[in-house]
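Hey, can you work out the whole structure from these sequences and the hints?
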Amino acid sequence: MNQPVQSRQLTLDRIRAATPSAAKDSSQLAAAYAALPRAYIRHGSLTAQARVELMIQRLREYDAEVVECTPAELPDAITAQLAASGRHRFVAPSGAPPEWMVTSAWKITGLEWTLDHGLDIDEIEKAEGVVTAATCGIADSGTIVLHHSATEGRRVLTLLPDYYLCILRAGQIVETLPEYFNRCQQPPALATYISGPSATADIEMTRIKGVHGPRILVVIVVRDN
Amino acid sequence: MSHATPGHVSLDPKFAPTFPQAALIMLRNPQLRKNVAHAIDVIQAKRGKLVVEKTDWQELRSAASEIRFHVLDNLGAYLEQFEARCTAAGGHVHWAADAAEARQIILDLLREENATEVIKIKTMTSAEIQLNPFLQAAGVSVYETDLAEIILQLGDEDPSHIVVPALHINRSQVREIFARTMGLKNLSDDPKELTNAARTYLRQKFLTVPTAISGANFLVAETGTVAVVESEGNGRMCLTLPRTMISLVGIEKVLPRFQDLEVMLQLLARSATGERMNPYTSLWSGVTPGDGPQRFHVVLLDNGRSSILAKTKERQTLKCIRCAACMNTCPVYRQTGGHAYGSVYPGPIGAILTPQLMQMKHAQTLPYASSLCGACYEVCPVKINIPEVLLELRSQVVNQERKQAGRFFDPMYLGLRVANLIFATAWGFHAAQRMGRIGSRFFTRKDGWIHALPSIGGKWTQTRDLRGLPKQTFHQWWAERAKGGK
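Residue numbers (the working numbering), protein chains in the order written: chain A, 1 to 225; chain B, 1 to 486.
Derived from the structure by calculation, the hints contain no laboratory data. Honestly, I wouldn't trust all of these hints.
Here are the simulated DSS-like cross-link-like pairs (lysine-lysine), alpha carbons at most 25 Å apart as the crow flies [claimed, not checked]: (1) A:24 x B:319; (2) B:192 x A:126; (3) B:319 x B:54; (4) A:209 x B:205; (5) B:313 x A:24; (6) B:192 x A:209; (7) A:209 x B:49; (8) A:209 x B:185; (9) B:49 x B:34; (10) A:209 x B:46.
Restraint-style ranges between C-beta atoms, simulated for each label pair [claimed, not checked]: (11) A:86 x B:188: 22 to 30 Å; (12) B:388 x A:120: 53 to 61 Å; (13) A:128 x B:182: 21 to 29 Å; (14) B:45 x A:57: 18 to 26 Å; (15) A:61 x B:100: 45 to 53 Å.
Note that CB positions come from ideal geometry on N, CA and C, so glycine has one too.
Below is the structure:
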């Protein structure tokens with residue numbers, strides 16, 4: 001395609017002609033960027049306990065189900081949630097720790113687990129639920145951050161199943177969005193920020209939970225030892 | 001093309017009626033006005049609460065405004081950086097000087113894929129270049145996946161808002177559209193049931209259509225990242241299931257660094273839908289093996305943006321992050337809804353964007369579609385001084401008109417030239433006041449109001465009353481008061 005190559009030059013020429021005060025080189029550009037005002041709140045002021053409580057409160061405002069547990073209680077907590085969901089077929093990312101996938105605790109049987117070692121889309125679509133870890137939680141907006149590591153799974157895994165159980169460690173929770181960005185000095189190639197279950201308000205601004213993504217979001221907050 | 005469809009409100013400024021003509025039709029549609037007012041009241045109430053809770057709102061606005069200005073100042077450098085990083089991450093970057101070129105690039109990419117179907121995430125930019133009718137005419141079936149966009153597509157309706165484009169359609173109208181086009185006779189008008197119908201309708205498309213088109217909320221120069229902000233998960237579906245993804249993005253959408261998202265994301269959802277954060281934000285750079293589309297294209301669209309960039313006062317228009325807070329707060333939009341603006345970009349931002357993206361002659365009345373109350377500037381998360389740009393565009397409209405020879409004896413211009421002479425001197429002004437008081441006496445009723453003026457003045461009194469001139473001017477009153485020794 002010849003034309004677009006010319007269009008690239010044409011567009012850049014037009015832009016350059018329109019911006020005579022542009023920085024002359026990369027160091028000038030970096031200096032101009034560094035001088036931008038950033039007087040907004042970057043660091044939160046809550047105690048660790050209050051931060052976790054705010055996160056839980058925000059998640060509940062999004063109609064997410066939230067429970068807390070200690071690290072030792074986690075397998076039981078997972079099992080209890082899955083049992084309560086009334087679902088049986090679950091998927092988990094390839095790097096999910098084996099202790100999550102309890103099938104017999106509390107004498108509950110019939111929980112079926114599949115790890116995502118390159119599952120077909122159809123197999124993920126058939127799963128009734130998914131369990132993953134997360135990278136970060138942002139209390140201010142009740143946001144769960146996924147960077148899609150081996151314990152968080154590829155993007156489609158937390159999208160197709162109707163039920164999503166996310167395991168968030170208390171130490172991963174920050175108060176403000178800038179604190180999260182401060183933590184990712186190496187920006188991720190992929191990221192998904194999840195704030196509550198999928199929703200729409202397109203019909204008369206009535207909020208409906210669950211359009212295409214999971215309709216049910218459950219979060220287990222694991223307290224630090 | 002959509003504008004050719006009979007009975008359609010044209011959203012192509014080349015063919016749309018003028019704002020006053022189109023607005024009159026909307027004002028006579030009580031159902032539409034009720035739907036629009038209801039939706040706007042809900043969003044406004046939610047937004048208001050969340051903005052109050054954010055104690056650093058003004059600081060965030062200032063930061064966002066300065067970041068966006070900085071980007072525009074250095075747009076060339078940041079776009080090249082984005083292109084380099086996106087390419088290094090496995091993406092392909094294309095440049096389109098105008099709408100026709102963007103359409104052709106996208107069609108060529110789809111042909112390379114042998115695509116006969118494409119799923120779409122809501123994108124205003126594709127509406128701007130009228131992509132859907134073009135692709136349909138070329139034999140590609142286009143499926144919108146955002147709930148509001150499905151309602152519009154199936155109902156053959158036009159968008160009237162940039163965030164909730166079907167807000168002018170109520171639940172019973174949606175029920176009628178879905179029942180008719182999806183063959184669901186027993187569908188109720190419960191929004192939950194309607195949403196479920198859309199979910200079922202689209203599921204198979206998501207799982208089978210191999211090509212998708214999106215817009216983008218932001219590009220990040222530092223990392224080559226593309227950001228899509230959404231609520232329903234239709235975006236995530238399109239971003240993860242197909243094998244090929246094409247993102248059409250205006251050249252102004254770039255941000256310098258990944259960290260700048262911390263400012264924009266705090267402002268965008270609160271301003272747009274009155275949420276602390278939208279349910280889903282997706283960020284990706286290029287292609288990731290084993291996760292999502294393995295072929296990824298970005299089409300960077302100029303289409304008039306670089307000429308806006310060249311103008312001092314108008315440049316700020318390009319800071320826009322498309323949150324729609326300006327239309328939600330606008331007293332004019334509230335009355336007329338979006339279709340009256342004759343463009344896919346309605347409301348205050350549309351009133352300044354459309355005349356600049358198009359030739360002004362196609363959108364001459366839009367800069368006047370405002371009371372200049374300033375509410376849009378106050379709510380704008382990136383501090384676009386919309387009234388300032390409106391005034392600038394008005395002066396351009398007037399300057400254009402004045403040059404037309406036929407306008408020399410136009411009563412308005414004649415009147416303004418006379419006014420110019422009168423207002424130039426104090427004695428002229430005082431004389432005019434005296435004459436005005438005498439003259440207006442004939443039209444002022446006992447209640448002190450003028451209800452009807454003759455000839456050209458009737459244009460004013462047709463729709464509103466005019467206060468009669470007081471017996472005394474402020475100057476006279478002040479002089480008498482001074483004499484009285486007070």
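Going through the hints against the structure:
1. A:24 x B:319: OK: residue 24 of chain A and residue 319 of chain B at ~22 Å, within 25 Å.
2. B:192 x A:126: holds, 23 Å
3. B:319 x B:54: Within the cut-off at roughly 22 Å; holds.
4. A:209 x B:205: Roughly 21 Å between the alpha carbons, so the hint for residue 209 of chain A and residue 205 of chain B holds.
5. B:313 x A:24: holds, 23 Å
6. B:192 x A:209: Since the Cα atoms of residue 192 of chain B and residue 209 of chain A sit roughly 8 Å apart, the hinted pair holds (cutoff 25 Å).
7. A:209 x B:49: Given that 25 Å is the threshold and the Cα spacing comes to 21 Å, the pair holds.
8. A:209 x B:185: Status holds; Cα separation ~24 Å.
9. B:49 x B:34: Since the Cα atoms of residue 49 of chain B and residue 34 of chain B sit roughly 23 Å apart, the hinted pair holds (cutoff 25 Å).
10. A:209 x B:46: It holds: about 17 Å lies between the C-alpha atoms, which stays within 25 Å.
11. A:86 x B:188: 22 to 30 Å: Because 26 Å falls inside the window, the suggested range holds.
12. B:388 x A:120: 53 to 61 Å: holds, 56 Å
13. A:128 x B:182: 21 to 29 Å: Holds: the Cβ-Cβ distance is about 26 Å, inside 21 to 29 Å.
14. B:45 x A:57: 18 to 26 Å: Since residue 45 of chain B and residue 57 of chain A have Cβ atoms about 21 Å apart, the given range 18 to 26 Å holds.
15. A:61 x B:100: 45 to 53 Å: About 47 Å separates the Cβ atoms of residue 61 of chain A and residue 100 of chain B, which means 45 to 53 Å holds.
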